[in-house]
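Residue numbers (this note's numbering), protein chains in the order written: chain A, 1287 to 1693; chain B, 320 to 543.
Just to be clear, a hint being listed does not mean it is correct.
[To be verified] Restraint ranges, calculated between C-beta atoms of paired labels, are given here:
id, chain 1, residue 1, chain 2, residue 2, range
1, A, Leu1635, B, Leu387, 56 to 64 Å
2, B, Ser397, A, Tyr1289, 52 to 60 Å
3, A, Tyr1289, B, Ser364, 43 to 51 Å
4, A, Arg1691, B, Leu339, 49 to 57 Å
5, A, Ile1654, B, Ala435, 21 to 29 Å
6, A, Lys1304, B, Asp403, 28 to 36 Å
7, A, Lys1612, B, Leu387, 22 to 30 Å
8, B, Ala415, A, Ile1648, 55 to 63 Å
9, B, Ser364, A, Met1305, 47 to 55 Å
[Unchecked claim] Now the stretches of chain A that chain B is said to cover, found in silico as 3 or more residues with beta-carbon under 8 Å:
id, region
10, 1322-1333
11, 1669-1681
Just so you know, these hints were derived from the structure itself, not from any lab. Values in this document were obtained by computation on a predicted structure and should not be read as measured data. All C-beta atoms, glycine included, are put in the ideal place defined by N, C-alpha and C.
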Amino acid sequence: MSYIELIIESLGTLKLNKMRTFLAILGIVIGIGSVIALLSLGQATQAMISSQIESLGSNLLTVNPGSTRQGNVAGGAGSKTTLTLDDAAAISGSTQITTIAKVSPELSRRTQVTTGGSNTNTQIVGVTADYLDVHKIGIATGNFITDRDVTQMTKVAVIGPQVATDLFGVGSTPVGQTIRISGKTFTIIGITESKGGTGFMNQDDIIFVPLTTAQKQLFGVTYLSSIALEAKNADLMTSAQDEVGYFLLTRHKISDPAQADFSIFSQADILNTATSATGTFTALLSGIAAISLLVGGIGIMNIMLVTVTERTREIGLRKALGAKKKVIITQFLIESIILTFTGGVIGILFGLIVSFIISKLINAPFIISPSSMLLAFAVSTGIGILFGWYPAKKASDLQPIEALRYE
Amino acid sequence: MKTTPIIETFHLTKIYKTELVETVALSDISFTISKGEFVAIMGPSGSGKSTLMHIIGALDKPTSGQYLLDGIDVGKLSDDELADIRNQKIGFIFQAFNLLPRTTTLANVMLPMSYAGVPKQQREERAKKYLEMVGLKDRMYHTSNQISGGQQQRVAIARALVMNPSILLADEPTGNIATTQAEEIMAIFTKLNKEGHTIVMITHEPDIAKHAKRIIHIRDGKII
């Protein structure tokens, strides 16, 4: 029998036994579909988590002043007043520093804010225009603080959505209205986009004012509480840290790095923690994928084993009528290939549709990973073909009469 | 009448072994069947007649002894050569018909020819010819579960004949069908034998056995 004839014969057999064919294909569709849906959803969730971490700013370095020391008693980190606006200007103006894209000097304090009848206690941050880029803040309404505001020491404020809600009520857009910070009146010029976060990390519960205004008019200081630096890219983080560290040591005339009156904290440190968390998540995902592949594979194995073993008598009959072993095995192989490929293609579509629907429901990105699709397809069809072939081979090894008597 | 031996067996034995017991199904069976004969093998159930038939039909192997079919030592053949023997020299008719389910009678009769590599056009012609011969011309496109037991057995006969084998083997061919239809089957056998076909048939019914020209009796695995 030629291969074309065998293919026609196999298709005929599959068509004649519609229920059996349907069940086998269904088994394979579920097997492959569930693996693809699970993998795709897992990857979507992972992408969602990493994009949330990215939004914190992956290229961020923070220079904090060192802690004060009286005798053997160390003060809290950042309690020194060694960082100044001149340091920040020197970093951004220096030709020695090549790895830094933007510099954002900051002065941050918590204080009471009032308006009309309501008040709140919140974080006041004196910033320059670059803060927006360095911290990847988005503006929902109005504008952010400009360099002109900083040089002219204007009394304007940009507030976070949480502050807007606390002071003006839910859904309000109080641009143009005024608030009082430490007894001074500020005009609201913008509201930032919500960034999420809770407690001390709540980036929505914050008020930005021009740095100079904060220093001179609100808090009466000349130092900074930190300088945020944006490296040109994430790979330069370590060298940027070294470069800035060396530069500031020289500038502050300190020869022993252990005596430094500042510390540089890299967002990469946070990112490392986050990456190891996503790494755990990736491992979890791989575990889920492996289990679903296993479960899907066993499902496919079962349906193929059952449908082919059930046909042992048919194999005996075909042998009794003069079919050679090779012809029988080839026919069953072709049938398995047709079944698993049809089931595989439908299964991929099914998996994609399911993950698309769920990703829309949970508002996650819809991610197609060709490699995982290929893996699911290869493993499932491999198992399908193996367990279509194996019982056929076993049955065709029997004497025809033994196969015919098979119950 | 000149006698060309077509089946010759020498000291055939078949022993089934399980872990606990050895069952002797056949012991020291030697006989000859010549071309053109119509032989019935009779015996009570468990006598070993079916086992003997399966060995003659190359569906099973004897534990020891020699079996010549058309002068060929079947015991020395490979699996593929045995498949060819079953395909070309033997037409086997089973008690349970053993047709492919949900498949048309025509396709069932064509099956042995597809394994023999007969061109497709010829397959259909020959299958139709034999179906007509067994009186099923108007049942060619019925599937095997749409026709009666007697009709199914006639399809099986057509399938057994379609490769023009040296010998027809029938294992209780009327065991699963009604008496009136059994007579029709036997009429076909008688006619085939007259046309020169060699037929070996197993039965335990004397009414059926009487159609044969020679009867071999078996009991407890021995010819008596």
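Structure-based check of each hint:
no.: 1; hint: Leu1635(A) / Leu387(B): 56 to 64 Å; result: holds (60 Å)
no.: 2; hint: Ser397(B) / Tyr1289(A): 52 to 60 Å; result: violated (23 Å)
no.: 3; hint: Tyr1289(A) / Ser364(B): 43 to 51 Å; result: holds (45 Å)
no.: 4; hint: Arg1691(A) / Leu339(B): 49 to 57 Å; result: violated (20 Å)
no.: 5; hint: Ile1654(A) / Ala435(B): 21 to 29 Å; result: violated (50 Å)
no.: 6; hint: Lys1304(A) / Asp403(B): 28 to 36 Å; result: holds (34 Å)
no.: 7; hint: Lys1612(A) / Leu387(B): 22 to 30 Å; result: holds (27 Å)
no.: 8; hint: Ala415(B) / Ile1648(A): 55 to 63 Å; result: holds (57 Å)
no.: 9; hint: Ser364(B) / Met1305(A): 47 to 55 Å; result: violated (36 Å)
no.: 10; hint: 1322-1333; result: violated (count 0)
no.: 11; hint: 1669-1681; result: violated (count 0)
Hint check: violations occur at hints 2, 4, 5, 9, 10, 11; the rest are consistent with the structure.
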